[in-house]
Amino acid sequence: MSFLAQMAGHSAERVGAARARRSEAALLAACAETPPPPPLRLAGFDLIAEIKRNSPAEGALALDADVPERAADYAATGAAAISVLTEPARFSGSLDDLAAAAVAAAPRQVPVMRKDFLVDPWQVLEAREAGAGGVLLIVAMLTDDQLDELLAAAAEQGLFVLLEAFDEADLERAANRVSGDTDGAPRLVGVNSRDLRTLAVDPARLGRLASCLPPGVPAVAESGLHTADDAAAAAALGYAVALVGTALMRAAAPAKLAAAMIAAGRQVHMEKTG
Numbered sequence: 032m033s034f035l036a037q038m039a040g041h042s043a044e045r046v047g048a049a050r051a052r053r054s055e056a057a058l059l060a061a062c063a064e065t066p067p068p069p070p071l072r073l074a075g076f077d078l079i080a081e082i083k084r085n086s087p088a089e090g091a092l093a094l095d096a097d098v099p100e101r102a103a104d105y106a107a108t109g110a111a112a113i114s115v116l117t118e119p120a121r122f123s124g125s126l127d128d129l130a131a132a133a134v135a136a137a138p139r140q141v142p143v144m145r146k147d148f149l150v151d152p153w154q155v156l157e158a159r160e161a162g163a164g165g166v167l168l169i170v171a172m173l174t175d176d177q178l179d180e181l182l183a184a185a186a187e188q189g190l191f192v193l194l195e196a197f198d199e200a201d202l203e204r205a206a207n208r209v210s211g212d213t214d215g216a217p218r219l220v221g222v223n224s225r226d227l228r229t230l231a232v233d234p235a236r237l238g239r240l241a242s243c244l245p246p247g248v249p250a251v252a253e254s255g256l257h258t259a260d261d262a263a264a265a266a267a268l269g270y271a272v273a274l275v276g277t278a279l280m281r282a283a284a285p286a287k288l289a290a291a292m293i294a295a296g297r298q299v300h301m302e303k304t305g
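Note that this note's numbering has the sequence shown beginning at 32, numbered continuously upward.
Certain hints may be false.
Simulated pairs of lysine to aspartate or glutamate, EDC-like, Cα-Cα distance not exceeding 16 Å [what the hints assert, rightly or not]:
#: 1; residue 1: K287; residue 2: E100
#: 2; residue 1: K287; residue 2: D104
#: 3; residue 1: K287; residue 2: D260
Rather than coming from a laboratory, the hints here were simulated on the basis of the structure.
The structure displayed is predicted, hence computed values, not measured ones.
Let's have the full structure, built from the sequences with the hints guiding it.
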């Protein structure tokens, strides 16, 4: 069984346990009482800065990370959004981390995104209750029906969605589901250099799949980006956003690295667009 299949199974088990603890009506009521999230604002080239305590592929990154402090620093640096791992078993994440990041980033009007192995609309509602403004969906892990149900739940809650792809088939399925804003909540398409089925990283994937990206849709480069030069290279390929986690979690000065990556990407974007 692949890593991705294992995580999908564990995710479904978490949903079952959560549903046993409370009713959907109660969760929906809590979502209705949660203040609206800040909107996702993109400006040519942007950064989604990630908070990730642990990585199955890279090991412990910052198990004792101060989530509110990191989120506030990322927001102050100019990140367009903050991605927060909420998977507990392999990434040491939690919905509490998501909620803490949302509170810390709110003064700067920066949304947070739940990054997990989402398989059920229930988890979209959990994200909204925690204050999230967006969610990530892994296309390869979901059937068409699951994708559509999750996208509908996100649209109903006003959340932006990052559809993550590993190959051309994923991108084709994602492209069929991105048609601009949905009630003001954008849909983005990401290419992950790390194939979560095997955990192998292929940095060349960003270039190979660049021509397959759906036109007019913000494209996100994920994994394998460590330096300002990496961000510039992604921008040169046509990616509008870089999602960076491991490099920031390991950096001695994460805010400085984040600012440098944003500046490098925007410089290339300006040169390309004139």
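We went through each hint and held it up to the structure:
1. For the hint linking K287 to E100, the alpha-carbon distance of about 15 Å falls within 16 Å, and the restraint holds.
2. Note on K287 and D104: the hinted pairing holds, with a Cα-Cα distance of about 10 Å set against a maximum of 16 Å.
3. Among the hinted pairs, K287 with D260 is consistent with the structure: their alpha-carbon atoms are about 14 Å apart, no more than 16 Å.
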